[in-house]
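My request is simple: use the sequences and hints to build the entire structure.
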Amino acid sequence: MSVVGFDVGFQNCYIAVARGGGIETVTNEFTDRCTPAVVSFGQKNRTIGNAAKNQLISNAKNTVFNFKRLQGRSFQDPVVQSERANLPYDLGPTEDDRVGTKVLYMDEEHQFSIEQVTAMLLTKMKEIAEANLQKKVQDCVISIPSFFTDAERRSVLDAAHIAGLNCLRLMNDTTAEDKPKIVVFVDMGHSAFQVSACAFSKGKVKMLATAFDPYLGGRDFDQRVVEYFCADFKSRYRLDVKSRARALLRLQQECEKLKKLMSSNSTDLPLNIECFMDDKDVSGKMNRAQFEELCADLIERVSVPLVAVMEQAQLQPQDVSAVEIVGGATRIPAVKAKISKFFGKEVSTTLNADEAVARGCALQCAILSPAFKVREFSITDVMPFPVTLSWSSEADEGNGCHEVFSKNHAFPFSKVITFYRKNPFTLEAHYTDPTSLPYPLAKIGEFAVLNVSPQEDGERSKVKVKVHVDAHGIIGVSSVAMVHKVRVEDQKAGAGEDAVPEETSAQNGVDSLDALDKIHDKKDGDIQAWVDTENQLAPQCPPMDGGSHTNPQSVNADVNTHHPPDAKKPKMKVMHISLPVEARLVQQLGKDRLSVYREQEVKMIAQDTLEKERSHAKNAVEEYVYYFRHQLEGPYQTYLSSEEQDKFSELLTKTENWLYDEGDDQDKKVYLDKLEQIQKLGMPMQERYQEAEWRPKLFEELKTKIEVYMRVAEDYKNKDENYMHIDAVDMEKVSKCVQDAQDWMTAASSAQDRLRPDEDPAVHSSQIREKLQELENVCELVVTKPRPRVESPAEEPAATDNCKKANGVATEQETGLQNSETSPSCMEVE
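Per UniProt numbering, the very first residue in the sequence shown carries number 1; after that it's consecutive.
Calculated from the structure, these hints are not laboratory results. Every clue listed holds true.
Label pairs and their computed distance ranges (CB to CB):
hint, residue 1, residue 2, range
1, V304, N166, 34 to 40 Å
2, E29, P684, 30 to 36 Å
3, N777, H725, 18 to 24 Å
4, L133, R787, 50 to 56 Å
Listed next, the in silico EDC-like pairs over lysine to aspartate or glutamate satisfying Cα-Cα at most 16 Å (straight line):
hint, residue 1, residue 2
5, K280, D232
6, K703, E774
7, K338, D297
8, K242, E227
9, K733, E714
10, K443, D77
11, K466, E582
12, K733, E780
13, K771, E701
14, K485, D457
15, K242, D278
16, K612, D667
17, K680, E759
18, K771, E700
19, K422, E459
20, K785, E732
21, K647, E633
Ideal placement from N, C-alpha and C gives every residue a C-beta, glycine not left out.
Structure below.
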């Protein structure tokens, strides 16, 4: 079973695996630990990662990058429209109004959703992990920004499903960073800035608070440099850089390199681009002081999330034991200095700024996997935004609401809410404060509770709704149960298949829930919601009917007026009946759509594999052409006749010309046929050369073995005591086998000596190896037969034993009889 952690970043991705008792970041086919988050579409296949990034300039219209911010959003989303203006490829709405990318793939226009593009990237990461682990990868943990909303998290899970991955947990970036008191993690990546405060104790880490600026990252610093040089080139060279996507992309790449260089140099650094636009070369320069002046407002924004996280966690800078910085943009000296000044201490860089998140995800995957034994360690994450449940009144007297999960509430977590209803109803989940969201829709979704019915006496039924936040940070309704009271004799008729009987016992007292049940069974007002936390129930919203709570004593009195004093109260049982829930979530991909996307991904993977095999076949033809041409002019020349040499040279020349003409784009079978033609002439020549190299060595080895065994046979005839223990029949077998081998070698050598080098050999090296093996099988067992074991000398006479006994030496026989009264003495023997 594999254990893999995926850090899917805005710009780059990292893959970590658990093996060899530790966590290791793996490399891709380019031996690079970093894989660019880029997908490029071509006429024959897709390229993903490093190969796709190389096509960023040449195939800009069909190369998709910087798509992480588009996750789980609609096309009309303001963030999508803002990003769209800066992307060279086209975005458009899908059938369900989600954002999609328009590209030319296999000479046809296709539109792929962001979930599909993310799945393509995950497919590539899965392949890299499988190549390193040499086993199939299915279970994984994927990192996401801590500020991702419910819709964005579900979008990542859908992408993992399309890629054929089982995501055990979506893990917040700042939670995944593996490092041990109070520690603040500051993570500034390419597109976002996140800060979290954590409390570490033995075997446990708890997130205290988290804050973020989703629109502050390394690319914002890059953009300031790009804007500066755009203005500079326009004034000096009269070039409008933004009018051409290819030129803008080249400038962005060079500005990013310049920014990284300024992190380690404070002097003026040059920027030079050849043939930039209109065949013009451009140049410029910038130093660190200029860069910090351009980005002064961005550097000031660094302190805002720092202040927020300290206020939420109710901490002072002196309470913090360490400040760990991760993410590529934290390498900017001004950013690092701002963080250090805020906390009044040097920041720690013991974590790998780029790989920490992937390694933390792999560790979490190992904890969740049954295949690995990991020291017990628990992680408690927190909610980035408060969540509220709302519902409509049954009597149309207003709406009810309750904030189920507050900001920084721990998760995974579940809560039970009790409603009193006669009919089915709908709950709506939404974020409490829309202004704090980096997402335009505050609504999470609706949950319709079905099959609600009144009690037998017409009163409202108690409905318990279990609301949870799962390990991914996604809101949902996990179960709904209706409490149904039935008479004992009517139990079978009233209980459904999913009903679970629950006895109510007056002897054990009535808990707060049952007491409230009695109150609201008699209350004429509308529904009340109660949250069951630590066996305490507290009303979260005022009564919708405007009435006051009824006193339990008055309710009991009212109940008693309906039953005569001498009436026998019927025995009741409580049944818990499971109710179905229908979820309608915002930006949720349906199962049918997911299945279609999964099928499309499988077909594209097959097409990529087919194209890879076709490319390998073409490369093999080209490789054999150059290889045999070089060898034909060198060591292979004597192993082909002059006529065959001319024929083979002509074939190689024709094949080379064909490769760079109509053979540039052919099916795999065509290349395999060409390869077979070359091998038909080339392989016999290669085999003759190899046989000529191996044959003398093997003949020499066989000759040596024959001489060894002949010498043994001769020594046996001469009565050599080293071999006299061998049976004559066995030695006869050795002599016969040696003679046969000698005769065969003489005949084979003579036949081979009569042939020219350009003729097929009379004897092959494989035949010589077989003869060697045969000789060893027969002779080696005989000549190495060990001598028989020499028996020990006979025991001394009894008189000698008795004398030894007389001299105080105990014999073995005496030892066994020394306690016997009948044992003879030395004098009696005399």
